[in-house]
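Chain A is already provided as a structure; the job is to place chain B on it using the hints.
Given next are the chains, with one letter for each unit.
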Amino acid sequence: MAMSADPDRPEESRLEESQYGESRHDERRYEEEDERLGCGRLLADVWEAWDTGRSAEDPHFAPCPFCSAALADLTGLDDAVRRTCEQEPGTPDTTAITARVMDLVRLELRPGRPLPLGEPGEDHWMVESAVARILRSAVDSLPGVRAGSCRIAPLDPADPTGDLHVRVEVAASVGRPLRDLADAVRARVAEVADRDIGIRLAAIDVLVVDILDTVDTLDVFYEGGGHRVYGDGDGEDGTVTGGHANGRADGHGTGATR
Amino acid sequence: MIADTRRDRVAGAAAEAAQGVPGVAFLRPGVADLLRNRITERTPRRASLTANRTPGVRVGRDEGDGWHIDIRLVLRRGHRALDVTRAVRAAVVAVLPEEPVASLRITVTGIV
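Each protein sequence line maps, in turn, to chains A and B.
Going by the working numbering, the letters in the first sequence line up with residues 1035 to 1292, in that order.
Going by the working numbering, the letters in the second sequence line up with residues 34 to 145, in that order.
Next comes chain A alone, as it looks inside the complex (with noise of 0.2 Å):
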């Protein structure tokens, strides 16, 4: 179909299953993240406020960007759809509607929230997806380290046009100091946020989830065995997290870059 060769398509959910299986726990809590608008709201409650019509009584949503855009979508998504029906002779083809309703929300949600770019007012932004797609590519670059997951998002979530904290998992070859590379990749990370995109950054961690060294051979031991040599746990404690230089345990301001 059309829509799956959108050159737009973000990439990033797929190699990051492909590439780490990221834990049940990690994709439970991202659903849960990506439900949540910019202001705080869930998404289906906005939702619900509009279905119920208690949108007009809500004093939030009129100045909110964000349940603005929600709902700007949904009514237009609305509005199309009930044309189509109109249109359709007899009765509509329910199957057909819903298949090319849900192509086009997927490829509507899957890019992400939006992230600041520039200074907090001046209302320039840039998906997640996108955003994540440049930092891998950059720290790919370094000698050693295989980017993985890379999620970014307000340090401070009830702030959305405020300073944002990048959370990028690696893959690295052993034989150097962990600390070293999540140095190094913490470095390029805020080189790249900055010169390439324009975003501002509070913190980097850096996760070391994998090892790269001996790629075939470990290659044959995960098809065979079906699971890492790091992180066969719940994700969260099987890591080894290089990017929590002061030892702190609460995954924030590890790698303040200014």
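Some clues are possibly wrong.
Which chain A residues stay away from chain B? Per the calculated CB distances, all over 12 Å, these [what the hints assert, rightly or not]:
#	residue
1	D1092
2	P1191
3	D1197
Computed footprint of chain A on chain B, listed as stretches where at least three residues anywhere in the stretch have a Cβ under 8 Å from a Cβ of chain A [what the hints assert, rightly or not]:
#	region
4	114-125
5	136-145
Read the hints as simulated data drawn from the structure, not as lab findings.
Given the structure is predicted, the values throughout are model-derived calculations rather than measurements.
The C-beta atom is built at its ideal place from N, Cα and C for all residues, glycine as well.
Chain B alone, transformed into the frame defined by chain A:
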């Protein structure tokens, strides 16, 4: 209808200006645009009623307020995202000297 025509003119001018900025690969349609285009393909006779001529650009206006313009674009690799969005803003504002622009949101939705 007059308001719609004016809105279309604003959207068209903004789209053309944005598209001309180096680093902009193309403007990206949203869900409603994509669906509209699909419907239009199936019902060519109604194309003029349903087609959005400026996918990737949404224009709205509040009472007594200026235009609210929302542009979604795909970035060409090798260009700094922020430089491109700032250039798009400057280009759009420049082609709408007579129009009150209350807000202009620019979002990079992808990279090619």
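Hint-by-hint comparison with the structure:
no., hint, verdict
1, D1092, "holds, 18 Å"
2, P1191, "holds, 19 Å"
3, D1197, "holds, 15 Å"
4, 114-125, "holds (count 6)"
5, 136-145, "holds (count 10)"
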